[in-house]
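**Q** Sequence order for the protein chains is A and B. First residue of the first sequence? That's 1 in the UniProt record's numbering, and the numbers climb one at a time after it. First residue of the second sequence? That's 1 in the UniProt record's numbering, and the numbers climb one at a time after it.
Since the hints were made in silico from the structure, they are not lab data. One thing to keep in mind: the hints can contain errors.
[What the hints assert, rightly or not] Quick list of in silico lysine-lysine cross-link-like pairs, DSS-like style, CA-CA up to 30 Å:
#	chain 1	residue 1	chain 2	residue 2
1	A	LYS111	B	LYS119
2	A	LYS5	B	LYS111
3	B	LYS112	A	LYS112
4	A	LYS15	B	LYS40
5	B	LYS112	A	LYS40
6	B	LYS15	B	LYS112
7	A	LYS112	B	LYS15
8	B	LYS40	B	LYS81
9	B	LYS15	B	LYS119
10	B	LYS40	B	LYS119
11	A	LYS5	A	LYS21
12	A	LYS179	B	LYS112
[As the list claims (entries may be wrong)] Stretch-level coverage of chain B by chain A, calculated; a stretch enters the list once three of its residues show a Cβ under 8 Å from a Cβ in chain A:
#	region
13	75 to 82
14	95 to 104
15	115 to 125
No residue lacks a Cβ here, since even glycine has one placed at the ideal position from N, Cα and C.
So you can see what is in the structure, the chains are spelled out below.
Number of protein chains: 2
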Amino acid sequence: MELLKQRIRQDGIVKGNDVLKVDSFLNHQMDIALFEEIGKEFQRRFANCGVNKILTIEASGIGIACITAQFFHCPVIFAKKTQTKNIDGEVFATQVESFTHGRIYQVIVSKKFLGPQDKVLIVDDFLANGAALEGLIDIVAQSGAQLAGAGIVIEKAFQPGGDRLRAQGVRVESLARVKAMSEENGVEFAD
Amino acid sequence: MELLKQRIRQDGIVKGNDVLKVDSFLNHQMDIALFEEIGKEFQRRFANCGVNKILTIEASGIGIACITAQFFHCPVIFAKKTQTKNIDGEVFATQVESFTHGRIYQVIVSKKFLGPQDKVLIVDDFLANGAALEGLIDIVAQSGAQLAGAGIVIEKAFQPGGDRLRAQGVRVESLARVKAMSEENGVEFAD
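Produce the entire structure from the sequences given, and follow the hints as far as they go.
**A** Right, dumping it as structure tokens:
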């Protein structure tokens with residue numbers, strides 16, 4: 001998605017070789033006009049898939065998921081992160097390891113909102129190691145819902161998550177795939 | 001807002017005398033068509049206020065804020081909750097006491113995204129004791145921005161936050177004000 005790549009080149013800040021700060025438009029301050037274009041593009045890519053639920057994870061996926069849902073005319077569910085170990089039986093729960101924060105947390109979704117009648121599109125801002133996305137896929141599987149695929153805004157294609165999940169047969173559509181980045185040369189895209 | 005009150009009556013679940021679960025449409029599963037009506041209503045109430053930034057707090061305020069921002073044609077900033085004590089100088093920070101979770105956390109917003117040139121509308125899903133809203137108001141004050149007011153989806157009017165902030169001169173617009181509730185009689189609205 002060219003508009004997104006331009007915006008990353010213009011306003012993204014690279015730290016070291018693996019941190020890309022996009023907090024001026026994507027995940028702290030949020031450019032809603034850009035989100036509308038992102039949502040349209042996800043809709044174009046997953047048109048005619050029968051998507052009736054969008055699933056994301058708090059916090060930075062929520063805004064993108066909500067704007068995207070307008071183009072699918074469906075509700076959004078956001079998975080909640082919790083450090084509580086004793087989860088009651090009313091939720092689907094899975095464990096996710098956060099590489100950024102160096103800890104493992106539980107991710108939960110109420111059983112009321114996902115089931116075999118659903119066709120789910122997962123939406124998130126970043127895909128790197130794929131831990132969060134794998135957690136969401138596990139929750140969809142537990143619920144018996146069908147997975148249409150995952151719509152990702154920025155994939156760090158030099159990290160293994162995207163390729164591993166595609167190899168497992170998951171349809172992963174990333175709007176900007178970063179092949180390499182450095183403070184000197186900025187961001188290089190995969191395509 | 002009649003549509004919202006109807007929805008709360010229909011799908012809200014009262015636990016005891018002070019917990020109102022609206023997770024089927026507001027803060028876990030999110031009904032985006034309803035959010036559009038909420039956003040329109042906030043825009044109607046804060047029209048001609050010169051709002052150029054919407055501020056909310058993770059996680060459940062984000063979706064409502066993003067849909068609302070489409071009607072104001074402005075970006076959204078979401079304040080982040082952190083338990084880190086050593087906050088660097090690049091953020092506005094304030095402390096918020098969570099009555100729900102029984103702890104105090106830091107709330108931060110990057111200094112890059114709020115300043116004296118801004119006119120801010122705060123948006124959140126719930127107002128009860130007012131601790132989160134006071135924290136956001138403090139951040140707006142630290143930044144030198146002007147506060148247009150706060151747009152709240154559900155106010156627990158039997159708790160003191162809304163009245164205390166109005167007495168301080170803050171314009172608080174709540175779309176549904178709950179006067180009382182019980183498992184036997186459901187929800188009673190203030191107006």
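**Q** Within the assertion that chain A covers the region 95 to 104 of chain B, do at least three residues meet a Cβ-to-Cβ distance smaller than 8 Å?
**A** Coverage by chain A is violated for the region 95 to 104 of chain B (0 residues, Cβ < 8 Å).
**Q** Going straight from one Cα to the other, do LYS111/A and LYS119/B come out at no more than 30 Å?
**A** With a Cα-Cα distance of about 41 Å, the restraint between LYS111/A and LYS119/B is violated, given a limit of 30 Å.
**Q** Tell me if the straight-line CA distance from LYS15/B to LYS112/B falls inside 30 Å.
**A** violated, 41 Å
**Q** Is the hinted pair LYS40/B and LYS119/B satisfied, with a Cα-Cα distance of at most 30 Å?
**A** holds, 19 Å
**Q** Verify the coverage statement for the region 75 to 82 of chain B against chain A, using a C-beta to C-beta distance below 8 Å and requiring 3 or more qualifying residues.
**A** Holds: 5 residues of the region 75 to 82 of chain B have a Cβ under 8 Å from chain A.
**Q** CA of LYS5/A to CA of LYS21/A, is that 30 Å or under?
**A** Given pair LYS5/A, LYS21/A holds - Cα atoms ~14 Å apart, limit 30 Å.
**Q** Tell me if the straight-line CA distance from LYS112/B to LYS40/A falls inside 30 Å.
**A** holds, 29 Å
**Q** Would the hint linking LYS5/A and LYS111/B be met if the CA-CA limit is 30 Å?
**A** holds, 25 Å
**Q** Can the restraint linking LYS179/A and LYS112/B be considered satisfied, given a maximum Cα separation of 30 Å?
**A** The hint holds at about 28 Å.
**Q** Three residues minimum, CB to CB under 8 Å: does the region 115 to 125 of chain B make the cut for coverage by chain A? Let me know.
**A** With 0 residues closer than 8 Å to chain A, the region 115 to 125 of chain B misses the three-residue bar; violated.
**Q** Please verify whether LYS15/B and LYS119/B have alpha carbons no more than 30 Å apart.
**A** violated, 38 Å
**Q** Under the criterion that the straight-line Cα-Cα distance not exceed 30 Å, is the pair LYS112/A, LYS15/B satisfied?
**A** holds, 17 Å
Of the numbered hints given earlier, the model fails hints 1, 3, 4, 6, 9, 14 and 15; all others are met.
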